[in-house]
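Protein chains in written order, with our numbering: chain G, 1 to 143; chain B, 1001 to 1143; chain S, 2001 to 2143; chain L, 3001 to 3143.
Keep in mind that the hints were calculated from the coordinates and are not lab data. Quick reminder that beta carbons are idealized off the backbone N, C-alpha and C, glycines included. It cannot be assumed that every hint is accurate.
[Stated by the list, open to error] Within a straight-line C-alpha distance of at most 30 Å, the following computed BS3-like cross-link-like pairs (lysine-lysine) qualify:
#, chain 1, residue 1, chain 2, residue 2
1, S, K2015, B, K1026
2, L, K3026, G, K15
3, L, K3015, L, K3026
4, L, K3015, G, K26
[To be verified] Negatives, chain L to chain G, calculated, CB over 10 Å:
#, residue
5, F3042
6, G3093
7, M3111
8, A3134
4 protein chains.
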Amino acid sequence: MAGISLRKARTIIRKALEHGRAEGMKPLSAVVLDDGGNPIAFERGDGASPGRYGIAHGKAYGAVMLGMGGRAQRDRAEAQAYFMAAANGVYGGAVVPVPGGVILRDARGRMLGAVGVTGDSSENDEAAALAGIAAAGGLTAEP
Amino acid sequence: MAGISLRKARTIIRKALEHGRAEGMKPLSAVVLDDGGNPIAFERGDGASPGRYGIAHGKAYGAVMLGMGGRAQRDRAEAQAYFMAAANGVYGGAVVPVPGGVILRDARGRMLGAVGVTGDSSENDEAAALAGIAAAGGLTAEP
Amino acid sequence: MAGISLRKARTIIRKALEHGRAEGMKPLSAVVLDDGGNPIAFERGDGASPGRYGIAHGKAYGAVMLGMGGRAQRDRAEAQAYFMAAANGVYGGAVVPVPGGVILRDARGRMLGAVGVTGDSSENDEAAALAGIAAAGGLTAEP
Amino acid sequence: MAGISLRKARTIIRKALEHGRAEGMKPLSAVVLDDGGNPIAFERGDGASPGRYGIAHGKAYGAVMLGMGGRAQRDRAEAQAYFMAAANGVYGGAVVPVPGGVILRDARGRMLGAVGVTGDSSENDEAAALAGIAAAGGLTAEP
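Isolated chain G (complex conformation) (with noise of 0.2 Å):
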């Protein structure tokens, strides 16, 4: 399959870590979902919050199932704040509309999945996650 091998997966969560590690982040949580939705690899940092696995999921999982990074969600829940509300109903209350969702596209731009990474404000999640995808090369991000 032309997806996210867990290899590859691994690398983008290690280096997202590091990179919060290195900016002096406070200790982030990384998910790698594939083009389902469907979890491939995911990892709390020492010293996170218990409940780091549900809020990553929740950026990465509205990512893949809207087509909208979490950048762009947050826009949308800014503009029109019950659409998605609604859409999180539609997913089971699973998504969390914030910046530190990214989309994953291979150089033809089809959607291979998403990273989502929470710990520190959404603009460091975000920065993280976007480090993790740098490294692992080969792929497009769509924050």
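Fit chains B, S and L to the known structure of chain G by using the hints.
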């Protein structure tokens, strides 16, 4: 029942998706529900994000259950957000109250079901739904 | 993507429903899901009971999520009922573990999605799914 | 807390998946939960079916929440199915009571979390979990 046949539902969906392609919209997805809010047919255009069934369904489902088109639901959500949130609680979180959900009526005004289209802007989604309904013939559309 | 196109999904569904009519079965309904368990297309035959989407979906959804065809799921449910009950809890109660859910694979054995057919006996549903898959061509079916 | 570090969780998972490959098992997936039942890390082996997170999680989650390994849960499910069904209701349907869920304890017997492995037979899943735990060192496994 003089409801929506599968043949008619197929035509509505096919023509709605074709309208989107002809107008250069993003890939659309469309569902047709019967007058009980149950799915007759659904299609997701190639390249659409994976979660489109829930959004298309939610637009049409709210239209049937409340007897209000998506446009009317959006107006109500903007005037009285808590009402639409409460209605969504009643309907299991499945309602997406924005344009693109269009009620189908027969010549005497009886509700036969609804169409839900998603993938581009809500206004474009609605235009595609109306194009599909017009192509099927014999139906009155209430957006 | 090397997945199931809407065009191919339409063919599978159309031919499954035609097979049912040709064999004198009760009205069938059929869904095609992608390899992430998300709907590509669905059709409910005229005269089928209104709740057929959920059953068709549940047959295909379990097949994708567990990587087991409906026949294998039924065998597991009969040998170890509590396991399938638990799996269903994990998947939100959406799994229907009986024949009629058929995994789609490409020539190399990679899962591309699944078909779910419902409306007649489970064995007839499965036969219709297999007929639809055969008509689409290029796919290996795992019932 | 002397709990399971991310580093240790990574090792358990990595070695469990390697054990599966070395033994010719189907592709495995594995999760490590902390002593509150919250995910620390998860990996899904390439080629595993998409829904493996929920099953892996369910094996480990039941183990933590009930303080019973998957083997003990299976025995209880076979002796008294309604008890495990009721427990599952209490825990949101998330429990999968079969071997492959293994409690992690420290030298004094205190529960530190649990591992959940899925993908092959329950017995093989459990063997892979035990191999991963042994490789990490310093932990007592309760299957």
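- Hint numbers contradicted by this structure: 5
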